[in-house]
Amino acid sequence: MGTELALRRAGRAWHGALAVLLTAALVAQVVLVCTGGDGDTEVSVTARLVRTFSFFTIQSNLLVLADCLVRAVRPDADGTLRRVLRLDALLGITVTGLVFALVLAGDSHPTGLAWWLNLMFHYAAPPIAVVGWLLFGPRRRIDPGSLGLALIWPLLWIGYTLGHGAVSGWYPYPFLTVTDLGYPVALRNLAFVVILGLVLLAAFAGLDRLLARSRWTGGTAVAEPAAALPEPDTAGD
Numbered sequence: 001m002g003t004e005l006a007l008r009r010a011g012r013a014w015h016g017a018l019a020v021l022l023t024a025a026l027v028a029q030v031v032l033v034c035t036g037g038d039g040d041t042e043v044s045v046t047a048r049l050v051r052t053f054s055f056f057t058i059q060s061n062l063l064v065l066a067d068c069l070v071r072a073v074r075p076d077a078d079g080t081l082r083r084v085l086r087l088d089a090l091l092g093i094t095v096t097g098l099v100f101a102l103v104l105a106g107d108s109h110p111t112g113l114a115w116w117l118n119l120m121f122h123y124a125a126p127p128i129a130v131v132g133w134l135l136f137g138p139r140r141r142i143d144p145g146s147l148g149l150a151l152i153w154p155l156l157w158i159g160y161t162l163g164h165g166a167v168s169g170w171y172p173y174p175f176l177t178v179t180d181l182g183y184p185v186a187l188r189n190l191a192f193v194v195i196l197g198l199v200l201l202a203a204f205a206g207l208d209r210l211l212a213r214s215r216w217t218g219g220t221a222v223a224e225p226a227a228a229l230p231e232p233d234t235a236g237d
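Start counting the sequence shown at 1; every next residue gets the next number (the UniProt record's numbering).
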């Protein structure tokens, strides 16, 4: 019981600390955009804010923040919405870290405050969030229903991104810029990201089942089955 309570407290502290860091980073990002520190001063502040919150990176970090707040305050909370939030946060932040490291990092050269925010959103938050899930769970919360519902947000983001880009001519990432690449290449690139997301969802579901069989599952001890006692021999009674 003592170890279980210690793990529970550690999980709340872990997610609480990440929530504080992400809150500070997101507030700083908004301030940077509003003051023109992001360098994009050709459009209005409103347009810059819309663009900022159109990034998959920012939306993923917002989902992680929401998930961490729940985990810090009500770690045992469950339900369909709770499971989908957890899974979307985990999926989004993992895709964010992988796509940035593999595709975007070479063309990203931020300075000053933007450098620190880039570090937080792309390099710190993804591994902290994933390790937090591996260490503290919760387990047995990835079911077929939540897996299906978790696809809604990424698909909505794709539809919004293409629609917003068609109207404004602005796209959040170079590999999606239809005006430069054309739709065939942009859609092909999107397909690769979708496949990556599906592979990750399958991996998370498999890991969840594997970790649920271990001694500890999200900070809660799994009861070991009691050894079966031999039946008393009553033949001679």
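Some hints here could point you the wrong way.
[Claimed, not checked] Cβ-Cβ distance ranges computed for the label pairs, FRET-style:
1) 9 with 164: 14 to 24 Å
2) 44 with 210: 43 to 53 Å
3) 78 with 196: 21 to 31 Å
4) 4 with 41: 15 to 25 Å
5) 105 with 80: 30 to 40 Å
Simulated from the structure, these hints should not be mistaken for lab results. From the three backbone atoms N, C-alpha and C, an ideal C-beta is built for every residue, glycine too.
Each hint, compared with the structure:
Judged by the Cβ atoms, the range 14 to 24 Å given for residue 9 and residue 164 is violated: they are separated by roughly 43 Å. Roughly 50 Å separates the CB atoms of residue 44 and residue 210, a value that falls within the hinted 43 to 53 Å. Between residue 78 and residue 196 the C-beta distance comes to about 28 Å, which sits within the given range of 21 to 31 Å. Checked against the given bound of 15 to 25 Å, the beta carbons of residue 4 and residue 41, roughly 53 Å apart, lie outside it.
Between residue 105 and residue 80 the C-beta distance comes to about 36 Å, which sits within the given range of 30 to 40 Å.
Hints 1, 4 from the list above are not met by this structure, while the remaining hints are.
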